[in-house]
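Undergrad: Single-letter residue listing:
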Amino acid sequence: MTSFIIRRLLISVLLLFIISVISFFIITLTPGSPYPWGELNPKVSPEVKRVFREKFHLDRPLTEQYTLIMRDLFSGRLRSIKDERPVLEKIGERLPATLVLNLGALALSLSFGLMLGVYGARHAGRLPDVVTSVLAFTFIALPGFWISYLMAIVLVNWAAVPILGTHTIGVDFTNGLEVFLDGWWHIMLPASILAIGGIAVQSRFIRASMIDTLREDYIRTARAKGLDENAVFYRHALRNSIRPLLTGVGMLLPTLISGSVIIESIFAYPGMGRLGYEAVLERDYPTLVALNFVTAALVLGGNLLADLLYAVVDPRVRLE
Amino acid sequence: MPRVRTLIVGIPLVLAAVTAVALWVVLRASADKKNEMFIGSIAEPATLNPIQAADSASSSVLGVIFNGLLKYDADLHVAGDLAERWTLSQRSTFFFATPENAMQAAANMETSLLDREKLHLRQYRVENNRLVLELSLPGTADSLALAKLFGAAQPQPVATLSIVAPKELGDVLSEFSSLTPSARIVRTWAIGNLGEIVFLGDSKVVQQHLQEFLTEKFGAEGLVVESVAAPTFLAEPEVTFHLREGVQWHDGTPFTARDVKFTYDAIMDDRVASPRKSDYELVLSVETPDDHTVRVVYRRPFSPALESWMMSILPAHLLAHTPPDQWPLTFNRAPVGTGPFKFSEWKTNQFVRVVRNEDYFRGRPHLDGIVFRVLPDPLTLRLAFETRQVDFWTADPWAVGSFKMDPRFSVFTSPSNSYNYIGWNLRRPMFQDLRVRQALAHAVNVEQMIRYVLYGYGTQSTGIFTPDMWFFNPHVRPLPFNPEKARELLDEAGWNLGPDGIRVKNGERFAFTLITNNGNAVRSDIATLVQADLKAVGIEVKVEMYEWAVFLKNFITKGEFDAMVLGWALGQGFDQFQIWHSSQTGPEQLNTVGYKNAKVDRLLEAVREEFDRKKIISLCGELQQRIYDDQPYLFLFVPEGTSVMWKDAFRVRRPGPDGQWIDEPVTMTKAGWSYYLEWFYRPEYAKGAAQP
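Chains A and B, in that order, give the protein sequences.
Using this note's numbering, read the first sequence as starting at 25 and increasing by one per residue.
Using this note's numbering, read the second sequence as starting at 49 and increasing by one per residue.
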């Protein structure tokens with residue numbers, strides 16, 4: 025177990041280095057420049073451009089730029105080209121909002137996915153199962169932005185509910201509960217859009233896994249013992265079918281941190297997705313490199329955690 | 049196993065129930081509107097430091113927090129803001145071989161000078177071998193006219209060299225001038241690694257000396273010494289600003305001339321990397337004789353420089369003692385200005401809120417505050433406007449019609465300071481014939497283009513200026529759509545119809561590639577319509593689209609294209625030297641089509657040195673006509689910008705010219721609907737608004 029963790033950590037460090045190199049060169053070799061003014065701006069003289077390039081080391085060779093960026097990243101001094109604020113501060117500012125939103129989405133997709141999957145397995149082949157299956161496949165197929173727009177139009181135009189941002193702007197709530205519920209509402213909308221795909225996929229996994237498990241010999245044994253059908257279903261079969269949930273968590277980890285550009289934009293939600301997207305458009309190299317690095321580190325760590333959890337939940341898994 | 053079952057059903061149900069309660073709470077609470085204005089914008093401000101910001105989201109916020117020395121008034125005339133008034137003058141210095149010559153020239157001028165007023169001569173004096181003229185209007189024309197009266201005693205011409213050094217110049221130039229007295233250096237100037245010397249004598253010799261001297265100091269790499277086209281006498285224009293008294297910064301500190309001087313120094317500081325630095329590169333010195341006077345002396349006449357003092361002024365007392373690399377962490381996120389609204393809070397990626405400045409020098413604004421919301425998605429931005437979460441919306445052309453017909457909305461439409469064009473690469477032989485370019489202009493149906501692409505919200509462009517500019521020439525007639533005429537002109541130019549319906553000259557088919565950037569629907573629509581129109585007169589057009597960065601890098605800045613669709617978004621200034629002067633046709637320069645016309649060059653140079661309003665209008669008028677006649681671009685159209693507002697949301701109550709209050713609906717001025725922003729009020733809060 026310990027050797028497994030150490031080996032994985034070493035591989036992760038190597039991987040992080042490779043990721044940082046690749047991401048830096050992909051970004052800097054893309055055409056375009058990080059000038060904050062337009063490229064065709066008669067007011068900006070070559071002298072101004074020179075000063076700007078020198079200030080952000082853009083006049084140095086790429087390899088030197090890379091080492092400078094990594095040095096500043098590790099010493100915490102790395103500044104964004106766009107507004108010259110420390111990059112880690114910019115990421116730290118958005119990380120909580122992104123985490124809350126995606127944890128909400130995770131909670132929704134796990135809980136609703138489990139409920140619908142179990143429901144489908146329980147009524148396999150009958151009408152309720154057919155209905156949930158059709159719905160699940162429909163939601164897997166529909167693009168998230170389309171559902172978001174639809175939802176925004178319905179909620180905003182018909183009910184005039186504020187849905188943008190992290191809280192209602194221009195209203196002073198008096199007590200803490202109201203502030204909490206206001207925040208809850210603003211998170212639940214984008215979270216449910218993010219969760220729709222997850223719910224559909226999770227429910228399919230769990231349903232299939234349950235149906236498989238119910239065909240196992242030990243289930244027949246349990247039934248032959250004369251156990252109550254509910255006990256067979258919820259105690260014996262369910263426990264053994266829960267593994268897809270963990271796989272699902274593993275798959276959702278990257279998005280948990282990196283965020284979603286489209287959903288965040290539509291709901292004006294201040295998350296990491298928009299930070300990255302805007303940094304790409306502005307060719308804000310330091311922000312992009314740092315963002316990729318932090319995301320990659322968190323994802324690698326998350327994957328390691330998921331693998332360890334497997335071993336805890338499923339005694340058949342051995343980590344060597 | 050009822051416990052597991054309850055959990056499986058229970059958790060989702062609880063989540064749903066809490067959400068339902070939250071919805072109810074939010075719905076109930078969001079009915080009341082506060083006495084604030086909500087403005088939505090797609091982008092977030094980059095920084096709230098006016099000398100570093102270059103994006104429009106930042107400038108709209110900065111506009112209510114800061115003031116410049118000057119501003120545009122409602123009719124786009126230059127008016128005082130932090131400066132109560134300002135005066136222009138110039139000192140012209142002529143150098144003579146001997147003091148006697150100088151005396152002689154002054155005497156000759158005195159005797160033949162008929163009208164001092166007309167030549168703006170205030171006074172003159174002889175200092176040693178110099179004759180110094182004090183003029184009440186900057187520029188070179190008056191001084192040259194006066195120099196004609198000097199008679200036999202002719203002044204010695206001065207020459208100017210500009211220097212870009214690899215490192216800071218410091219005192220190196222004065223060292224050079226003390227070492228080489230034979231060069232008779234009359235003025236040196238250096239800031240950072242930029243420098244300039246003005247001297248009497250042979251410019252070739254001095255240039256060589258200086259080059260050698262500086263190479264020894266700094267090495268040859270990155271060193272540029274070149275001669276500058278400047279007047280042959282020392283022409284030093286001067287602007288004196290008399291500052292408004294009693295203005296306070298938002299923290300209560302008085303505003304003084306020191307702040308102005310500090311702002312200039314900060315812009316010139318390389319650690320700040322201000323994109324506005326080029327506006328001030330001709331400044332010789334900024335002096336503050338007292339707390340409410342600022343005197344700016346320029347190295348030579350440059351009339352667009354005056355408008356650079358619309359730049360927001362920074363508070364010296366907050367910034368002078370912190371190094372610029374600390375500003376982004378503190379001041380740039382929480383600025384302090386002199387404007388009608390004070391900065392209150394900035395929630396990243398969500399909103400910037402400003403609140404009323406009770407002590408604003410023009411009076412207390414009516415609104416409690418303004419919230420600039422960041423709503424990155426165009427569709428939800430529109431939804432937010434329709435549900436009154438934001439009060440204004442910039443409408444796309446296709447949507448304007450439905451808002452115009454709806455009585456609940458006020459629609460403000462005005463021509464923008466931008467135009468779209470097709471640039472013909474004049475380095476390509478096929479576009480070098482003027483008749484061909486005229487034929488192309490006659491062949492393209494611009495009116496139809498405005499109708500289909502802009503839904504009618506635009507006017508045909510007649511050249512390099514747009515109709516709202518004060519120096520626009522309304523007498524330039526657009527070339528009308530006339531395919532018959534186009535065919536005639538092409539025949540005349542030797543392009544005859546070939547067997548496949550495409551014109552041919554000397555075995556070459558008239559076929560070219562029209563490029564533009566993708567992601568801009570207007571430009572790709574233009575390309576498509578042009579393709580069809582030109583096909584009708586026998587010209588084959590291939591349309592290609594590239595990602596913006598690739599489009600610029602691989603084609604435009606290299607000058608390697610046949611023709612391109614682009615647009616210019618212009619400021620209010622008349623200086624278009626960078627876009628049209630023949631010296632600006634190199635790679636990465638902005639005369640991308642390679643247009644060269646000696647007469648136009650002279651006009652561009654002259655207008656930069658002209659301070660007289662009437663003369664600027666006449667120079668610009670000629671400039672616009674000449675360039676339009678040459679058709680280096682096919683000038684297409686000036687689109688109109690449209691803002692929509694809920695009609696009942698705001699009214700304006702502002703101080704009138706005679707001290708009475710004017711109460712009126714929000715109206716469009718030349719400077720936009722938001723010109724009187726500090727006097728906007730919500731009718732439901734009318735009681736709180738100031739009374740006469």
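Be a bit skeptical, because a hint or two may be false.
As the list claims (entries may be wrong) - Below, in silico cross-link-like pairs of lysine-lysine (BS3-like), each with a Cα-Cα straight-line distance of 25 Å or less: (1) B:Lys81 x B:Lys583; (2) B:Lys533 x B:Lys606; (3) B:Lys265 x A:Lys67; (4) B:Lys82 x B:Lys718; (5) A:Lys67 x B:Lys119; (6) B:Lys606 x B:Lys662; (7) B:Lys309 x B:Lys119; (8) B:Lys601 x B:Lys553; (9) B:Lys601 x A:Lys73; (10) A:Lys79 x B:Lys196; (11) A:Lys79 x B:Lys265; (12) A:Lys73 x B:Lys606; (13) B:Lys718 x B:Lys452; (14) B:Lys82 x A:Lys67.
If you're looking for bench data, these hints aren't it; they were derived computationally from the structure.
All values reported here derive from a predicted model rather than from experimental measurement.
Undergrad: Now tell me, hint by hint, if it's right for this structure.
TA: Going through the hints against the structure:
1. B:Lys81 x B:Lys583: violated (57 Å)
2. B:Lys533 x B:Lys606: Status violated; Cα separation ~34 Å.
3. B:Lys265 x A:Lys67: Distance ~31 Å between lysine 265 of chain B and lysine 67 of chain A Cα, so the pair is violated.
4. B:Lys82 x B:Lys718: violated (29 Å)
5. A:Lys67 x B:Lys119: holds (18 Å)
6. B:Lys606 x B:Lys662: Roughly 38 Å between the alpha carbons, so the hint for lysine 606 of chain B and lysine 662 of chain B is violated.
7. B:Lys309 x B:Lys119: holds (18 Å)
8. B:Lys601 x B:Lys553: violated (32 Å)
9. B:Lys601 x A:Lys73: OK: lysine 601 of chain B and lysine 73 of chain A at ~16 Å, within 25 Å.
10. A:Lys79 x B:Lys196: Since the Cα atoms of lysine 79 of chain A and lysine 196 of chain B sit roughly 49 Å apart, the hinted pair is violated (cutoff 25 Å).
11. A:Lys79 x B:Lys265: holds (23 Å)
12. A:Lys73 x B:Lys606: Roughly 18 Å separates the two Cα atoms, so the pair holds.
13. B:Lys718 x B:Lys452: Since the Cα atoms of lysine 718 of chain B and lysine 452 of chain B sit roughly 20 Å apart, the hinted pair holds (cutoff 25 Å).
14. B:Lys82 x A:Lys67: violated (40 Å)
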